[in-house]
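Asker: The primary structure of each chain is shown beneath.
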Amino acid sequence: MVADADRVRRELEGIVGPRRVSVRPGDLDTYARDMWPRLLLARRAGVAPTMLPTAVVWPETVREVAAIVRMARNLGVPIIPYGGGSGVCGGVVPRFGGITIDTKRMAALRGIRTSDQVVDVEAGLSGERFERELTRRGYTFGNFPSSIYCSTVGGWLATRAAGQLSTKYGKVEDRVAGLTLVTGTGEVVDTDGPRRAIGGPDWTQLVLGSEGTLGIITSARLRLSPAPQLKLFRGFEVPNVAAGVEALRRVLQRGLKPAVVRLYDELDTFVNSFGDHHYDPDAAAWGHTHAPVPLPGEGALPPLPPPPRPTDDDGPLERLLGMVRKTRRGLRGDAFTAVLDRPRLVNRVVGTVAEKIARKGCKLIIGLEGARLRTEVEAALTFAELERAGARDLGEEPGRAWLARRYAVSYKMSPVFRDGAFVDTMEVATSWATLLDLYHSVRAALGKHAVVMAHFSHAYPEGCSIYFTFAAHAPDQAASERLYDQLWKDGLEAATRVGATISHHHGVGMLRAPYMAGEHREAMAILTALKRSFDPDDIMNPGKLGLAARRWEAR
Amino acid sequence: MTVALEAALAAVVGADHVRPIPGQPALAVTPGSPTELADVVRLTADAGAAIVPVGAGFRAARVRGLGERRRVHLSSERLDQVVQLDETSMLCHAQAGLTGAALEKILAPRGLSLGDYPPGILGSSLGGLIGVRTPGKSSARHGFFEEAVAGVSAVLADGRTIHTRVAPRRSTGPDLARALCGSEGTIGYITAAVLRLHRRPEARLLAAYVLPSVDAAIAAAFLALREECAPAGLRIVDATEARLHFPEAGLADGQALVVAATAGPTDLAACDRDLIASAVAAEGGAVADLGLAERWWRRRLGTEPTPEPGPTFQASAGPGQLTAAYHAVRRAVPAARLHVSRFDLDGAVLFATLVDASGDPLVGDALTATVARAEAAATAAGAWLLGARPTALDPYLKALRAELDPRGVMNPGALTEG
Amino acid sequence: MSERFTTPDVARQLDDCTFCPKMCRHACPVSTTTGKESQIPQAKMDRLNKLVHEQEPWRPDTTEALWACTGCRQCTVYCAHDNEPGLVLLAGRAEANKRGAGHPTLAGYGERFRARDQRLAADARERFGAEAFASTGAIGFWPGCDSLDKGTADVAAAQAVFERLGLGPVPLIDAGLACAGYPLLAAGLPDEFRWHAGKVATALRRFQTVVIGCSACRHAIHALYQGEGITVGTNVVSIAEFLATHADKLPTPATKKRVYYHDPCYLARSAGVLEEPRRVLGQVADVREFAWSGVDAECCGGAGLLPKTMPAVADAMARRRLSELAAQGGGTVATACGTCALMLRRNAPDGVEVSDLATAVANLTDTPFTPPAAPADEP
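Chains as they are written, first to last, in my numbering: chain A, 1 to 555; chain B, 1 to 418; chain C, 1 to 379.
Derived from the structure by calculation, the hints contain no laboratory data.
Hints may contain errors.
Taking CB as the label site, the calculated pair distances span [as the list claims (entries may be wrong)]:
1) B:E68 to A:R551: 36 to 44 angstroms
2) B:G284 to A:T135: 31 to 39 angstroms
3) A:L230 to B:P118: 29 to 37 angstroms
4) B:A203 to A:L230: 17 to 25 angstroms
5) C:P104 to A:A285: 34 to 42 angstroms
Keeping only pairs whose Cα atoms sit at most 16 angstroms apart, straight-line, the calculated EDC-like set for lysine to aspartate or glutamate is [to be verified]:
6) A:K231 to A:D29
7) C:K50 to A:E397
8) C:K98 to C:E192
9) C:K257 to C:E353
10) C:K249 to C:E163
11) A:K412 to C:D82
Cβ coordinates follow ideal geometry from the N, Cα and C atoms, glycine included.
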């Protein structure tokens, strides 16, 4: 597949020394995947990954990165950048082997230019650590993805990430003053410079979102905002999705910019109303400061489960009994799996139940933050506009509750997979005029084989993003993968048909690569030309972004 | 110019719209539709000639380095239709030959607008506004003009037409539309764009202030911007310029006049105006006659002529360098009239009207020498000049152009040499 | 709370980590220091999950990741699954040992531990003199093995402070033992741990109150002994808790020096001891916080036997912990655990001064103390 692995290792050790290179199976295995749910299907079935890197390397300087890229070019070996490995599209999977460059030893926050409010930061810094350090200094970058605990700044830039407060602060691409990149030729370039004066294409915007296919981003200059002086979060209720969408459109088109807008459809509202009751902040605090204590005689160490017995394939009755036994955890995942085999019924019934019996309508979370005076004025205008649009004010409590549990959704993945089902999310976006069409068509497309719920967030004056969560079940790995692929095909084709984009902020990776031609059509010519300009030998994360990888496919 | 090419082009666009240009191996061609335009590009490329975009917004001076190579001066002026106006989404799909001003006239009766861009730039065609980037094409409230671009259609060197998908934001790889913005037709000839619109603001408030110094005025501006003030317009006028344009303000040497416009929902516009007022007060300034701001706004809209225009010099600088840049240029050209505007959190633009000691516009060698002095001073102080470009990425630009345009058809004389 | 100690729950924890989008990873001090993805809590648990399911053989190279943890529990602060990776990984270590796939540097560790324990106890007797020891009484002092090894000055300072507070002299506990046994558990030797714990418990029962200088010892005695069926009965408190009950008797200096407090993980996140050391220190100093402190305190690298299995990483963790102070030109740190004091002192950059809590109190209140002389045969 690639050049002699031993040669690669020796060359890498020549650049960074022996301690920061690994060819150990344990490392190669770990770096073979990110959080793409499709990869978890194989993992769950006990199938080892087949696409592994040849070696993993941890450079500490941009000079080392450049040397590694030049060496890889000479040897004819792919390069795959790896930050937090929290992507959900398989962007870091080494399709053709190669050298995985882990950026996490380049994680310094180098400095803040206070006159420009710009921070110079290395790509491998964890999002949460970055934001906390900024808070200490009185700033915020304003990007709070639900993966902030597990993603890196470099990953954000490579995928054009968005955070929960993007309606105010923008997506990351709206806040980049410049990047440092090692291109596919091994050259180090900066895209800095005052945008307004520069003739020619905005290189920063052409590198952002390239997911490692044009080069590896090693550091960036990012625009900061002062840490917010005031935060106002509130909950509203609207009778249905259409009314909620209209309310949001009116707010955004009045020129108001709330930081957070989240409109949950009927099913999402209904299901969400179960979750919050289980959260006990006191119990959480105790658990953080006190380790669990065994009962006398239980043993100081917990017992490991025994190895699996030879026949482990439970029939449906066994599975059902197993689920009945798992009564304690109370997470929504269990509710899902019990009914996942009848998704259309669920979508219809539960949605109807929510609408008619629960009469809950749709929940709308709104949050504003920023400079004190202006935020107060903007908040008053926003809340008044919502009420004029027919939204009912539920007060601060739902807003604060959302804020306290803002990253909770990421923990829901495990129970669903544990119970034999799978869950994934699809975030698409379009203009207001086609938004409801988008909602209904994608929901119908996914709803054939999965339970679907959705919320609208990341709003703009001209449109909005919709975030679909869908869960389904199939009897084994092969069937699960087939169902998974079918769901994505149906969903994305529905989105493209109404003119929407196939991804608002998760990126392309391997998941959406087959749909890039439909997304960009003739404009792919520009992407291909960019690729050839920055990476003439196609060593930078080959076979991603829907780009052809002829050099590698032939092998 | 070969007869064959002229005939072929006339067959596509009609003989009325192909005209030889005297004294140059050039034809002026004005297609009537995007399809015609694509055909023109293809025919030009096949004939080994070059495409030079011309029209409102493109300077003829950009035609350089072509020698005797045949060229087609391609104008989009007949592509002047609004294809679709989506009032629900506040998006407008318009052809590239429409000028900004003409589009504003179409939008105004519907209470819509491109936004608070300086009206002076809107004389350009949309293609020129998007294809050529200059410091002036920005607004404090809405950012750079190209940020209004939600989608773009363009013809590539091989005659293919591309359309970038319209979506508020995406994560589908690099933003391919940005390859066209600012690239002056070298990547593709823009034929249409989908632009983000704004509602006419509910309120527009004006205010004028006098501050003890330009430094204080600049500090006040960024103080307000950091409090999230989003003015529709903000200008700092130094004493030399104020003496001509705002004589009744009675500015002493060294003082500065600040005129500001805020817009939006009434409470928000008032809040923004108050933020500027507080910032001004914090920097030792005082309220001045509202009439000064009203005059500025009328001149900005073009309803009142600006007295004695002259040759101008522009330089842009970040917040940390702006004050130094102002003083450097002030020292280098003592007689010039200076103002600072186009504020955003990235900085602002310094404008100098180059006149002599008696206030007459400079010409000829005196002008050239003065411009050179001003440029040197601005650059030394950390400012950026019009049309400057970080050349470090030029090899990649050349490679990109070579990939898309191996025959070097698309505006070959622009941006990079060769 | 004992739910964590059942087989179904451990199976659930392993699966929850396997399928989790690594929500805790930013808070793991080991992987944040090394940058290695295979050392994040999720990857370590996933590896153990594969081993338990026999999808991978138990070998030293496949079980490597099980040792890359100090049990600091910072990951649990960000876990909504109520998982305890640190504990479960220890069970993994025990299993690895049983299957002959233990860590290469820990061959014969049980023997080495016992030998060191006896040597430290004997050295302490020589340094402090037999009269400093007692085998019974109202109150006894158990400094912990790292203090007896490299921090005997801190022991002397503690005793001076006890005297100053009118509590002293507080005898050292005479049992021929120095350590409460936590390292045996960290080595994956639960049987040796139980046997050793029995001996320690016997010695401690002869006192009404025992003051402990090591955070891992305190946790072991409070929480882990009872799991092995060993009850102590004595009131066992950390030195921080003990001094806190008498903090108001401490004299307050005219000007308070700025001192940063480093939370030992086994106090802050295992025993809930956060406020007491700050109360003590606050009496005599202007207490400052690290950027990551309290429940978010970052581990010094001294636990989990990391200094034996991955010494370079352990030292790098201590350096990283102090880098914040180094970046601002230096500072003074006080901590309330003998192991933390040892690790931080050993890796302190220029300008950063590290002190044990009792020693800091002694110095800041001008309480004189005499570090004991070295034993005759020490180099």
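Asker: Confirm or reject each hint.
Answerer: Going down the list of hints, with the structure as the test:
With their beta carbons about 41 angstroms apart, E68 (chain B) and R551 (chain A) fall inside the hinted range of 36 to 44 angstroms. Restraint check, G284 (chain B) to T135 (chain A): a C-beta distance of roughly 32 angstroms satisfies the suggested window 31 to 39 angstroms. Range check, L230 (chain A) to P118 (chain B): about 33 angstroms between beta-carbon atoms, so the 29 to 37 angstroms window is met. Remark: the range hint 17 to 25 angstroms for A203 (chain B) to L230 (chain A) is upheld by a beta-carbon distance near 23 angstroms.
Range check, P104 (chain C) to A285 (chain A): Cβ separation about 40 angstroms, and the 34 to 42 angstroms hint holds. For a cut-off of 16 angstroms, the pair hint linking K231 (chain A) to D29 (chain A) is broken: about 43 angstroms separates their Cα positions. Distance hint between K50 (chain C) and E397 (chain A) is unfulfilled; the C-alpha atoms sit about 43 angstroms from each other, more than 16 angstroms. Distance hint between K98 (chain C) and E192 (chain C) is fulfilled; the C-alpha atoms sit about 13 angstroms from each other, no more than 16 angstroms.
Proposed proximity of K257 (chain C) and E353 (chain C) is supported: the alpha carbons are some 13 angstroms apart, at most 16 angstroms. Between the alpha carbons of K249 (chain C) and E163 (chain C) the distance comes to roughly 12 angstroms, so the proposed pair stays at or under 16 angstroms and holds. For a cut-off of 16 angstroms, the pair hint linking K412 (chain A) to D82 (chain C) stands: about 13 angstroms separates their Cα positions.
Hints 6, 7 from the list above are not met by this structure, while the remaining hints are.
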